[in-house]
Structure formats: structure tokens, C-alpha cells
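Given the structure of chain Y, go ahead and fit chain B onto it with the hints provided.
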Amino acid sequence: MKTNTRSLKNCLKLLLPFVILFSFLGCDKMDVKESYVLKIPIYKTLGDVRASTIKMSVPQQIENSGKIYLYKDYLFINEPNVGIHIFDNANPATPKSLGFIPIVGNFDLGIQNDLLYADNIVDLITFDISNISNPVLVNRQKDVFSVKYKTETGERFYLLDTDKVPVAYRDSLVHTQNEREYRPNDEELVYYENSSGGNYYNSGSNTVGQAGSLARFAISGNVLFAIYRNLVKNFDLKNPSAPKFLNEVNLGFGIETLFPYKNTLFVGAVNGMHILDITNPLNPVNLSTYTHVVACDPVVVNDDYAFVTLRTGTTCGGKQNLLEVVDIKDLKNPKQIKLYEMKNPHGLSLAGEYLYVSEGNFGLKSFKVSDVNAIDKNLIQHLDKIKSSDIIAGPKSLIVMGPESICQFDYSNKANLKQLSCISLNKNN
Amino acid sequence: MKKYILSALVFFGICNSQILLAQESKFTHHTEVGILPYNLSFQEIGVTVQTFNGYRLNPDLAIGATVSYDKYSVDDGFKYSVLPVSLGIRYDFLEPKSTRMFAGLDAGYGFAWETDAFREGEVKGGLRFNPEVGMKWKLGEGKFFMTLALGYQYQHFKAEYTSFYFRPFLTGLMDQVDYYYSPKDYVETKDINAHRFSFKIGFGF
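As they're listed, the protein sequences go chains Y and B. For the first sequence, the numbering used here gives the first residue as 1, with consecutive numbering after it. For the second sequence, the numbering used here gives the first residue as 1001, with consecutive numbering after it.
Hints were generated in silico from the structure; no laboratory data involved. One thing to keep in mind: the hints can contain errors.
[Unchecked claim] Listed next, the in silico PhoX-like pairs over lysine-lysine satisfying Cα-Cα at most 20 Å (straight line):
(1) Lys338/Y with Lys368/Y
(2) Lys164/Y with Lys148/Y
(3) Lys33/Y with Lys1190/B
(4) Lys29/Y with Lys1079/B
(5) Lys29/Y with Lys1158/B
(6) Lys418/Y with Lys396/Y
(7) Lys1124/B with Lys33/Y
(8) Lys1143/B with Lys29/Y
(9) Lys33/Y with Lys1071/B
(10) Lys29/Y with Lys1071/B
(11) Lys343/Y with Lys377/Y
[Unchecked claim] Distance windows between CB atoms, simulated:
(12) Gln1043/B with Asn239/Y: 22 to 30 Å
(13) Arg1119/B with Lys44/Y: 29 to 37 Å
(14) Leu25/Y with Lys1138/B: 31 to 39 Å
(15) Thr1162/B with Ser424/Y: 29 to 37 Å
(16) Lys329/Y with Asp1185/B: 32 to 40 Å
(17) Ala351/Y with Asp1185/B: 38 to 46 Å
(18) Asn280/Y with Ser1041/B: 55 to 63 Å
(19) Phe1118/B with Ala90/Y: 45 to 53 Å
(20) Asn185/Y with Ile1063/B: 38 to 46 Å
Source: prediction; values computed, not measured. Virtual Cβ for every residue (Gly too), placed ideally from N, Cα, C.
With the rest of the complex left out, here is chain Y:
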């Protein structure tokens, strides 16, 4: 019996190597093959970008459209991360391309009194466009759109001139193969802090341009408001050629669009709508926050009602496609009036008692909204052939931007939009 017990103890010793192995040998060994077409970034240092001369070039084909902006008789079309195309739109039936301002890292713009404000990576730059054929860069406010960056040496709240930033992209077919191992806590990813943040847009007695409802820049009362991440950043335009950063209002997660109306700034966010009193634009006051389901949601307003579209989207989440009408007679207590089912609503625009709604790939709809409780019964027109994402109801034409074209319509007869012209986009992706 003793012999057996001893041999049992001996065998228990056999377990010891297992216990030692057990401490560090488990892993996933992987052979990973990938193939894909990727836009590979081409880098420059931020210093080189800032030092480069920005001059208007000859007209360029538009590959992708970002924001649209109407100022006087000129139509400005932002091409995301690339720059701004300028069209003479005196006759909406024959818009004439004037040229292109190449601006790396540009996503939005605002114009007042012949001064164009645009984002340029982390800087706010100002162009004098009094001579439209020769915009002149007159000011650069550095680092006003900086965020938090995680680097190998720790966190930073600014970029250095020596930091490399992507200035262009090229398609590249990529095949990769790698063998690697994974263990918990074995791989540390170092990257720049993620965010849905970005750059932004739009209107007094000043000559201010007109932006679409997806704008992230807005100009009102000599103040430029710009959405950046969860902040509305405010710039004083008293010295218009050198905007000065004033302050910022933190509105929390997911703010997306700005729509100034009289002394109020309506901020569309993925989880609601913020209403800011900008009577004193140097000190915007958050009057109220109206919350709704998570969705992408541009907003337009009149004296009594706000019209908000909610859509499903890859960047905003959300599972509903709706047009929401909100009573804003009491700005401190907005109330939902009615919800209408839509297909995939994007930007929208109000012209008097008519509302124009971009339905993404499902076309463009116009509604009479004098009776906000029966908007669905007052569909005036549905143009289902045109893909649309944002709209500007301009003085001469209704400008409809889509992924394939930017078209203009004569909407003097609200019940019957007549197409005047289309600028086609050479979308190559």
C-alpha cells in the first residue's frame, strides 16, 4: 500500500511540467492572407502643407462631392479632403466652372463679405475672394482644430510641423500574408485617438452665403461656428480677415450639423437636436436639448417648427428612416408633433411652406408643410430618378447634391420642379 502511495506521489510530480507549461504556452497561431483594394495615403509633413502656396487652378473634374455652398452668384462645391470647386452660377441653367482651390484636409467652408473660411487639416484658413478668379490666402489660424493624438511618446493635443499627414490617396491592390500569434495582453495597438469628429459650416446684415442642411460651418452675427467633434467652436470675425478663436460649447456626443435661424443655432446630433441662443454670439447659451433615437439627423427650421430627418447610416447607427416635426415655439421646451415614415432621408431644405427632402438613393421629394399634421398627405412631387443627399433652396434655383451629380431645378412653380442643369461627378470608387 505504501509503495502505491509513493508511486502516486511520483506521478503527481509528472503534473508539475504541465502546470509550468500551463502558465505561458496557450496562444492562437494564425496564418492570415488578405487581398483588397485600398486607398493608400501619400504623406507630407504638416510643415510642408502649411508652407505650400494655395492658388486657384484650372477647373478640375469633381470626383466626390462633400458640402455645397451658395454665395452671391457663385456655387462652391467642397470635395472632401481635396479642396473647393467654384462655379459661376449666375445662370443656373448653365453653371460655368471657374476653377479649383486645392486645400488638403478640407471638409467644409463658410463665406461672409467676400471672405471664405475653410478648414485645412487642423488650421482655419481665410481667402479673400473679392476677385473670384484669384482667391488669395490672407490668414491661417494654426491648430484651432487640433484634437488629442496618441503617439509613441505619449498623448499630445497638437501636431508638430514634422508630423506626417495624408495629403492624397491612390488606389492600390494589396495582397498580404502574415503569420502571427495572439495571446491576451500581447498586442498593444498604438493609434491616434478615434472620433467621429471633423470639420464643419453658414449667416446678419453681412453678405453671408447659404449652406446645405448638412453643414458643419455656420456664420451668424460676425461669428463663425464650427462643429468639431463634440464641440461647437466659435470664432470672432470682427477682424474678418483674421478670425480669432473665442470659445467652445461642449454639446456631447455625435453633433453633426449646424443650422442658424435668426438668433438661434440649431445643432443636429445623432441622439437629438440642441438649441443654442446666439443673441450674444460671443457667448452662445444652450437653451434646450431635444432627444430622439440615434440616427443621422440634419435639421431645418421656420418660426414655429423644426423639421428633422432621421436615417439609418453606417456612421450614425440608427434603425429608422423618419421625418420628424418638432414644435419649437417655446425654444426651451421643444415638443415632438409628428413622425412620418421615409425611405432614407438625408439633407432637407425649406422654402416658405414647401419642404424639400433628399431621400438618398430613393430620389427627391417635395411636400407642402403648412399643415404639419398632414405632411404625408401633401406630397407634391417625387423625383425618383435622381440620387440626392443635400439641398439648398437658393434664390435662383433649387440645388440638389447627390453622389452622382449636382443638379439645379427651377422651383418657381413649387408643384413642378424643372431641371435646369446637372454637374456630373466622376465618382471612381
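The following block gives chain B in isolation, referenced to the frame of chain Y:
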């Protein structure tokens, strides 16, 4: 459908063993539940449950079949479930009879699928291999016993993903960066060899 058929197999295996027990004492049954950690940190731990039903060739050696359900966390967050069907051997050694040691080996094929998938794709299983060694205690005067076993478990997976696994890159700089970094026509094939340790407690007769 595959999971339901295989779950039925597991259930059938357990029921069948009860019937066989009543008929013939040479049949043996061993059910184990346990964990599948990478290491002693016990992070991203997997779980396993399995039932072995076998025939005793002699008092110390039994051969049979094992059906299992394993759940793994693989490659930093992917959740894979597996229903393995294996051939198994159990060998008891060392006296005294009330406390013995045993060695077990199960080798077979694991049918796999992904749970809580966040990428478009398909996961297939593969070879599964699980040697183990442990202690075996007799419970009472009958045939019932309890086991505690330490082992190694290997499972092969083959995954093909058609959606890109976005890893943030310079996203602080601009808001549309994921648009620029979403590749087109993306295909990723992954051969994954999951090596784990197994730590199981079991009961049988």
C-alpha cells in the same frame, strides 16, 4: 441547422449511455465541464463541456466516442463556438483503487461557427485534439467516480471574412478617414490554430 443536429447528437450520446449502463456494465460514461484558458492569467477564457461514452476493453482501458461543445475567444475578441465529435480513449493507472490517475485522449473534428459576429464572413472548424491527465476518485461503493484533469486542447479554424476589420489610423486628423480607409473587394482568409490548456472537472460511472 448544423448546430441543432449536433446538439441532438450530444443529447443522444448521454441518453444512450444510460441505456447501455442498464444493459451492460462494461460500458462507461464520463462527462466533463471545464475551462480553456490561454494561461494562468485566465483572460479571454474559453469553456468546454463534453461527454465520453465508451466500452471497457479491460478494467483499466476504455475506448469510445466523445461529443462536446466548446466556446473560444480567439484572436482578440472573435467568439467561436464548436461542436466536436471525436474518438476517445481513457486509461486508468496506479493503485489504490479509490484514488487513481487517468489519462484521456480525444481526437476528432470540430464543427464551428461564429457567435456575436461583427464582420461579414464564414467560419469553419477543423481538427480537434485533446490529451489530458488527471486524478480519479471513486465515489462510494458503486462505479461512480469524479475526476479533475489538466490537459492541452488544440482546435483548428478556417475563417473567411469579406468585411474589413477597421483599425483606427490617424483618425484624429479628419472625420472621413474611415471612408478613405475602407478597402474595396476585401477578402481575408485566416487559418487559426488555437492552442489552449484545459482544466476540467468530471463525473462518470
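Against the structure, the hints:
Between Lys338/Y and Lys368/Y the alpha-carbon distance is near 15 Å, which keeps this suggested pair within the 20 Å criterion. Between the alpha carbons of Lys164/Y and Lys148/Y the distance comes to roughly 16 Å, so the proposed pair stays at or under 20 Å and holds. For the hint linking Lys33/Y to Lys1190/B, the alpha-carbon distance of about 6 Å falls within 20 Å, and the restraint holds. Proximity of Lys29/Y to Lys1079/B is assessed by CA-CA distance (about 16 Å); at most 20 Å being required, the pair is judged to hold.
Taken as a hint, the Lys29/Y and Lys1158/B pair is honoured in the structure, with Cα atoms around 12 Å apart against an allowance of 20 Å. At roughly 12 Å between alpha-carbon atoms, Lys418/Y and Lys396/Y fall within 20 Å of each other, so this suggested pair holds. A distance of roughly 16 Å separates the Cα atoms of Lys1124/B and Lys33/Y; the hinted pair therefore holds under the 20 Å criterion. The straight-line distance between the Cα atoms of Lys1143/B and Lys29/Y is roughly 41 Å, outside the 20 Å bound, and the hint therefore fails.
Proximity of Lys33/Y to Lys1071/B is assessed by CA-CA distance (about 24 Å); at most 20 Å being required, the pair is judged violated. For the hint pairing Lys29/Y with Lys1071/B, the CA-to-CA distance comes to about 17 Å; that is within 20 Å, so the pair holds. Using a Cα cut-off of 20 Å, the hinted pair Lys343/Y and Lys377/Y holds, with the two alpha carbons roughly 16 Å apart. One distance hint, 22 to 30 Å for the beta-carbon pair Gln1043/B and Asn239/Y, is violated here, with the actual separation near 57 Å.
A C-beta distance of roughly 33 Å is found between Arg1119/B and Lys44/Y, which places it inside the suggested range of 29 to 37 Å. Range check, Leu25/Y to Lys1138/B: Cβ separation about 32 Å, and the 31 to 39 Å hint holds. For the pair Thr1162/B and Ser424/Y, the supplied restraint of 29 to 37 Å holds, since their beta-carbon distance comes to about 31 Å. Taking the beta carbon of each, Lys329/Y and Asp1185/B are about 52 Å apart, not inside 32 to 40 Å as hinted.
A beta carbon spacing of about 42 Å between Ala351/Y and Asp1185/B agrees with the range 38 to 46 Å that was offered as a hint. Restraint check, Asn280/Y to Ser1041/B: a C-beta distance of roughly 57 Å satisfies the suggested window 55 to 63 Å. Phe1118/B and Ala90/Y have their C-beta atoms about 51 Å apart, which keeps the hinted 45 to 53 Å range intact. For Asn185/Y and Ile1063/B, the Cβ-Cβ distance of about 40 Å falls inside the hinted range of 38 to 46 Å, so the restraint holds.
Checked against the numbered hints above, the structure violates hints 8, 9, 12, 16; every other hint is satisfied.
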